[in-house]
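Number of protein chains: 2
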Amino acid sequence: MKTKTKQISFKEELFLESGRMLSPVTVAYETYGTLNEAKTNAILICHALTGSANAAGTYSKDDENQNVGWWNDMIGAGKAFDTDKFYVISSNILGSCYGSTGPASIDPFTGKHYGRKFPVVTVKDMIKAQKRLLDYLGISKLYAAAGGSLGGMQVLEWAVTYPEMVERIIPISTSGRITPMAIAFNTIARIAITKDPNYNNGDYYGRTAPKDGLAIGRMAGHITYLSDVAFHKKFGRRYATFEGIYDFGGFFEVENYLRHNGYKFTERFDANAYLYLLKAMDIFDLTYGYSSYTEAVSRISARTLFITFDSDFLFPPYQTEELVKIMTEAGNKPEWVQLHSDFGHDAFLLEFDSQTAEIKRFLAN
Amino acid sequence: MKTKTKQISFKEELFLESGRMLSPVTVAYETYGTLNEAKTNAILICHALTGSANAAGTYSKDDENQNVGWWNDMIGAGKAFDTDKFYVISSNILGSCYGSTGPASIDPFTGKHYGRKFPVVTVKDMIKAQKRLLDYLGISKLYAAAGGSLGGMQVLEWAVTYPEMVERIIPISTSGRITPMAIAFNTIARIAITKDPNYNNGDYYGRTAPKDGLAIGRMAGHITYLSDVAFHKKFGRRYATFEGIYDFGGFFEVENYLRHNGYKFTERFDANAYLYLLKAMDIFDLTYGYSSYTEAVSRISARTLFITFDSDFLFPPYQTEELVKIMTEAGNKPEWVQLHSDFGHDAFLLEFDSQTAEIKRFLAN
Chain G
306 MKTKTKQISF
316 KEELFLESGR
326 MLSPVTVAYE
336 TYGTLNEAKT
346 NAILICHALT
356 GSANAAGTYS
366 KDDENQNVGW
376 WNDMIGAGKA
386 FDTDKFYVIS
396 SNILGSCYGS
406 TGPASIDPFT
416 GKHYGRKFPV
426 VTVKDMIKAQ
436 KRLLDYLGIS
446 KLYAAAGGSL
456 GGMQVLEWAV
466 TYPEMVERII
476 PISTSGRITP
486 MAIAFNTIAR
496 IAITKDPNYN
506 NGDYYGRTAP
516 KDGLAIGRMA
526 GHITYLSDVA
536 FHKKFGRRYA
546 TFEGIYDFGG
556 FFEVENYLRH
566 NGYKFTERFD
576 ANAYLYLLKA
586 MDIFDLTYGY
596 SSYTEAVSRI
606 SARTLFITFD
616 SDFLFPPYQT
626 EELVKIMTEA
636 GNKPEWVQLH
646 SDFGHDAFLL
656 EFDSQTAEIK
666 RFLAN
Chain L
306 MKTKTKQISF
316 KEELFLESGR
326 MLSPVTVAYE
336 TYGTLNEAKT
346 NAILICHALT
356 GSANAAGTYS
366 KDDENQNVGW
376 WNDMIGAGKA
386 FDTDKFYVIS
396 SNILGSCYGS
406 TGPASIDPFT
416 GKHYGRKFPV
426 VTVKDMIKAQ
436 KRLLDYLGIS
446 KLYAAAGGSL
456 GGMQVLEWAV
466 TYPEMVERII
476 PISTSGRITP
486 MAIAFNTIAR
496 IAITKDPNYN
506 NGDYYGRTAP
516 KDGLAIGRMA
526 GHITYLSDVA
536 FHKKFGRRYA
546 TFEGIYDFGG
556 FFEVENYLRH
566 NGYKFTERFD
576 ANAYLYLLKA
586 MDIFDLTYGY
596 SSYTEAVSRI
606 SARTLFITFD
616 SDFLFPPYQT
626 EELVKIMTEA
636 GNKPEWVQLH
646 SDFGHDAFLL
656 EFDSQTAEIK
666 RFLAN
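These protein sequence lines are chains G and L, in that order.
Counting the first sequence from 1 gives a position; our numbering is that position plus 305.
Counting the second sequence from 1 gives a position; our numbering is that position plus 305.
One chain only, chain G, in its complex shape:
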């Protein structure tokens, strides 16, 4: 399946949760499958922290260096999100750097990159931008919304903010508010990036980017995406270098992996976008705008399938247990499937078979 990322720009101001405004708001998106005449078969896929609209298929712009969508094993003909039946929509989130408006975009008032002048955006702001895309596509109701991690937060926010618009939700490896430990990991990234001399208070476009800080931040993230078991299985205590074990500069395979992936990440992601998305993640709390977490979560009327993985320590399953409890007491009948995996938080991007079985069953009803 070849795909192409499209962009749509909305001139009308988007009023952000912070009270600030953003205009224009560009949303990058892809669609897979066909919208039926009644427009009742649309499924919105929400991506995680550093994902893009390219959720499925092969990116057609760059055939030689074929990028495969981040959930390509889940979206397509006969797959979990079956494009023979459903019209699947995937959009890049507000604040990101893959085509939607973010800090690396040009501020129309200055003609320069927003940088740190970009307003703080929230998960609610992200879904408001997604709603504009749905309005543009003529879709007033979603058959389902699904996503993992920060994507799952968007899914929950959809069900709380626009309960009448989402018939089904599949929040995976997520939570209605992240743990203080998760904020602690984001803190490492925040300080590493902002203290990198090349960060220059966010004004580094056209100059050397703060690669060391961003790489360190990404490495801290990578630790949280894995699990203790995954570290043992993936790396053990194998030594990576030809330097001796007693050489100051030698390192283990795990360090090699973190270094390599940390710096590789800096080639594809903008440091400011990373900071703004971490911020959105930290301050996300379904409670905002309501009198309690319970009141907010109780608004969810969508049929719900929660998926968690037992080794996920970034979004511990007890957070989903809490959501299930609140929803059940409010009269909803959410399903919750806890799957086994050694992959930790990353499991939703790797464990396809077990997720597919659950999602197919859930979407068939």
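Honestly, I wouldn't trust all of these hints.
A pair counts as met if it fits within one copy or between any two copies, since identical chains are not told apart.
Stated by the list, open to error - Below 30 angstroms or equal to it, Euclidean Cα-Cα: the simulated DSBU-like pairs (lysine-lysine) are:
#1 K665 - K630
#2 K429 - K538
#3 K384 - K436
#4 K516 - K422
#5 K539 - K516
None of these hints come from the bench; they were simulated from the model.
Since the structure of chain G is already known, use the hints to place chain L on it.
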């Protein structure tokens, strides 16, 4: 109890595991209680990563700014390590910056700080330096050796390398080799420090120290010293600043804590020492010099009391379970007590009552 750190220098070269030599070797130490005539009541206390010889009492050099020993609640008259009965010895480890020879010491060949010219030192090298101190004090056998974390590694190394010299060991919250996940956390520190422009390849003495890098490294460490439950109890999702929740510069209490303690740490610790001690921790593996982990661990003949805490994810209790299994199969009868605590790895520095009960009972036999 007032204490004073003493120093003893040994001119004779210390042959390091790496094949390199170090001379002179200075060891900073403190003693509490009285050595009996038969010299049979000596207990060696081994400190963790950033500890010092000042394990107990009030540091007499600085009465106005009273530093209290890091295990003051455990060492003293009537305490777990009862100074009415025992002669307690605590020394600063090789490679540290609290009085023993380390990278911040002056290299006698150049008259300058060693910096990165300092050789990589191992846990075995550390205990060899401690052995010199014991020889100097006239002690040929220890009633016991005890310590947590990197201190526990030294205790295990003592029992494997000099089985005839240690009658009892109390390794706490430790392991015979750290997990790849622990190495991953150390990687964050290593890269943050060495990429700090002020690091200058370790040659920063008399200039600006790499404070940002060291602070970031310490913050990564702090995450591992706590536990998910501790993060919830200590910080929750409380917001710390007067800035609004939508302000880019605002932060949660957990971030405030990490920032504050990360930078505070840079006032008391040397970045090179931190790097060398992390290295010693990473490459520590009881197996070195033997044909297997089992062979090495089976050498332990000391009576052993292992203590672990259930919420410790840096040194997971399953590592102690493995040690207990090997020792038991080798005919030793180690005791292992798993204590409950929400404090995670830090518990051995905080949970005094439960540890005291176990240690008193064990030392009485």
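Evaluation of the provided hints:
1. K665 - K630: within (24 angstroms within a copy, 45 angstroms between copies)
2. K429 - K538: between (38 angstroms within a copy, 28 angstroms between copies)
3. K384 - K436: within (25 angstroms within a copy, 65 angstroms between copies)
4. K516 - K422: Classified as both: same-chain Cα gap 21 angstroms, cross-chain 28 angstroms, threshold 30 angstroms.
5. K539 - K516: within (26 angstroms within a copy, 33 angstroms between copies)
Of the numbered hints listed earlier, not one is contradicted by the structure.
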